[in-house]
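Peer 1: Chain residues, written in single-letter form:
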Amino acid sequence: MKSNTQMKQLLLVGVTAAFATLAFLGTAAIRIPIPASGGYFNLGDTFVMAAALLYGPVVGGLVGAIGPAMADALGFPQFILATAVVKGIEGALIGLLAGNRTRPGRAMIALVAGVLVLVGGYYVFEAYLYPLLAQRIPFFGVTDAAAALAELVPNLLQGGISAVIAFGIWKILARRANR
Amino acid sequence: MNPRFRLLCLTVLAVPVFTGWFPFPAGPEIVPGVAGSTVVHVLLVLGGVAGICGRAFLANATAVTALIISPIVYAGSLVSWLLEMAGGMPPGVAGSVHGAHYVRLALNMLSVIPLALAIVASIPFDRLEQRLLRRTEGISAGEKYLLMFIRVFNHIVYFVIPNILEVMREEALLRMISENASSPSTPRRIRSWGRRLISGMVQVGVSGICASLRFIPLWAREIDDLPRRKPKTYRSRT
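Chains as they are written, first to last, in the numbering used here: chain A, 1 to 179; chain B, 1 to 238.
Hints are computed from structural coordinates only; laboratory data are not their basis. Hints are not guaranteed to be accurate.
Said to hold, decoys possible - With a straight-line cut-off of 16 Å between C-alpha atoms, the simulated EDC-like cross-links for lysine to aspartate or glutamate are: (1) A:LYS8 <-> B:GLU84; (2) A:LYS8 <-> B:GLU222; (3) A:LYS8 <-> B:ASP225.
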């Protein structure tokens, strides 16, 4: 019985590691800079969203917190904190809203909520939390309210495209799993 | 050099890079907006990586860094220039093409990426896996999870991604997506191109996920079967 539990945990660790690595590579491979904030546009969110839809909130949250943050370590270390928190919450929320036996409508609602968390979360971090942190630690002095505002549209676009791709992936893989 | 000592040296070098705390004062500017100390620091980091990991490693890491930096810096400058031409961004803001933003970004990445690659290369993943598998006294649950993580990471980086790139090249996936890119762009054609791009990305994503998850049940069974470390037994002195 104990071994069965550990086997399940090993499977979960394996799946989390796989999606985190894919999210890391997806984030690091395609980077289009956003001049106003110094951040960048990427498609790593696709794997965070797909993981959350397919495996639930725990895997989604862990993948969101680990994979994209690893990519930020390559060149954009200031954003590691915001990325880990925002994408962790995004993955967990999508997994929670989607539930166990996800229907397309529910998956779409979960993805929309995830995109809103992504856009809103980065805005809160860049407009309020980073300037506040920068007063004590100059390292975080990379953004302000104007830059955060300018990043709303690229983030919305990033989240929207990632959500469409993640929905396509979920539809194919969920159909295969049901067979 | 001992791997642990090497990792320690690289971590010491990485502290200023990843925390923004520089050991020396900013000093005079070499070009407007870029302090001399920043350039000195980059040279110090690159020299450190060459000294610790060898010149061949530094050459490879610098080549990878250049590949990553070029699109970001050039595309960023281009986007800034386009925004400025459209009147959307006054000169002097963070990402303005007139500012030193992209020079600083390039310098920052020139120190961060080789260091991060050196740190990852200094962790002997294969030896770690071999050592865990060879242990006679068994391994703990945490070590089993670590073993699983290392296996999956290595499998994706060294097998899945190169295979997907090979399949994309052989099946001319990118050409299929951009088939009509050069023809006159009516809204209908643009929509069809967009749909094809998304479906191509879904296809790549599904094949990446399936290839990554393929061996996980097998590895989970194999790692689960490894002997578990027994708790230490203490003999009473009384």
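Peer 1: Indicate, hint by hint, whether the structure satisfies it.
Peer 2: Results of checking the hints against the structure:
Distance restraint check for LYS8 of chain A and GLU84 of chain B: the Cα-Cα separation of roughly 54 Å exceeds the 16 Å cut-off, and the hinted pair is therefore not satisfied. Between LYS8 of chain A and GLU222 of chain B the alpha-carbon distance is near 13 Å, which keeps this suggested pair within the 16 Å criterion. The straight-line distance between the Cα atoms of LYS8 of chain A and ASP225 of chain B is roughly 13 Å, inside the 16 Å bound, and the hint therefore holds.
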